[in-house]
Amino acid sequence: MKIGIDIDNTLTDIEDELIEKAKSYAYELGKNIDINNEPITDITNDGNIYQKMFGFNDDELKYFLGPIQESITKKAVPRENVVKIVNQLHLDGHFIYIITARDFQFHKNPYEQSKEWLNENHIYFDQLIVNARNKGKVCVEHKIDLLIDDNVNNCIDASQYGIDTIVFGNKKYDNFKNYYKWIEIYEYITKIKNSKI
Numbered sequence: 227m228k229i230g231i232d233i234d235n236t237l238t239d240i241e242d243e244l245i246e247k248a249k250s251y252a253y254e255l256g257k258n259i260d261i262n263n264e265p266i267t268d269i270t271n272d273g274n275i276y277q278k279m280f281g282f283n284d285d286e287l288k289y290f291l292g293p294i295q296e297s298i299t300k301k302a303v304p305r306e307n308v309v310k311i312v313n314q315l316h317l318d319g320h321f322i323y324i325i326t327a328r329d330f331q332f333h334k335n336p337y338e339q340s341k342e343w344l345n346e347n348h349i350y351f352d353q354l355i356v357n358a359r360n361k362g363k364v365c366v367e368h369k370i371d372l373l374i375d376d377n378v379n380n381c382i383d384a385s386q387y388g389i390d391t392i393v394f395g396n397k398k399y400d401n402f403k404n405y406y407k408w409i410e411i412y413e414y415i416t417k418i419k420n421s422k423i
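For the sequence shown, the residue numbers in my numbering are 227 to 423.
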């Protein structure tokens, strides 16, 4: 099976830190922000969530998603059991495709940055794909069987092409498989593999 896996907030858990840094940056800029608890979804996978929440203009967004976000993603630690499970999926015969929306618009070198983090944390991958704002099309191009992503819009997009998806994270979405631990994902994938034997 070809498994596509997102990095930020899927392999890692950086959402709260990103929001706190965005708040601090917005206050430094003198933004008058009013954050409520309603979830805002980054529909276009381009950081527009931060523009909606904090009123960043394009240059401010570029700075936030560049140096500020990169300082967080560089030191992010993998979620519990991520390293063991992704590497075990490889040993089980699956192909691991890391698929991230990180792109050259906001990052100096998203490929090298992502590759360095994956290697430093000993996370196996067969292929790393950056600039993947339309993850459904990327999954089709690479014949991905299963996409694991924290962004429900990426899962909606991929599922429209008939690709199996898992929404990873702390929110429950109807009509999607929602998992909160990597061990649950491993059990699901193992069940699929065993049912095909």
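These are calculated hints, taken from the structure and not from any lab test. Keep in mind that a hint or two might mislead.
[Said to hold, decoys possible] For each label pair, taking beta carbons as the anchor points, the in silico distance ranges come out as:
(1) H316 x G281: 40 to 50 Å
(2) N258 x I418: 43 to 53 Å
(3) S297 x K419: 10 to 20 Å
(4) Q386 x D285: 43 to 53 Å
(5) I245 x Y337: 36 to 46 Å
(6) D284 x N258: 15 to 25 Å
Here a beta-carbon is modelled for each residue, glycine too, at the ideal position from N, C-alpha and C.
Verification of the hints:
In this structure the supplied range 40 to 50 Å holds for H316 paired with G281, their Cβ-Cβ distance being about 43 Å. Our hint of 43 to 53 Å for N258 and I418 holds, since their Cβ atoms are close to 49 Å apart. Taking the beta carbon of each, S297 and K419 are about 39 Å apart, not inside 10 to 20 Å as hinted. For Q386 and D285, the Cβ-Cβ distance of about 34 Å falls outside the hinted range of 43 to 53 Å, so the restraint is violated.
One distance hint, 36 to 46 Å for the beta-carbon pair I245 and Y337, is violated here, with the actual separation near 26 Å. At about 19 Å, the beta-carbon gap between D284 and N258 stays in the expected band of 15 to 25 Å.
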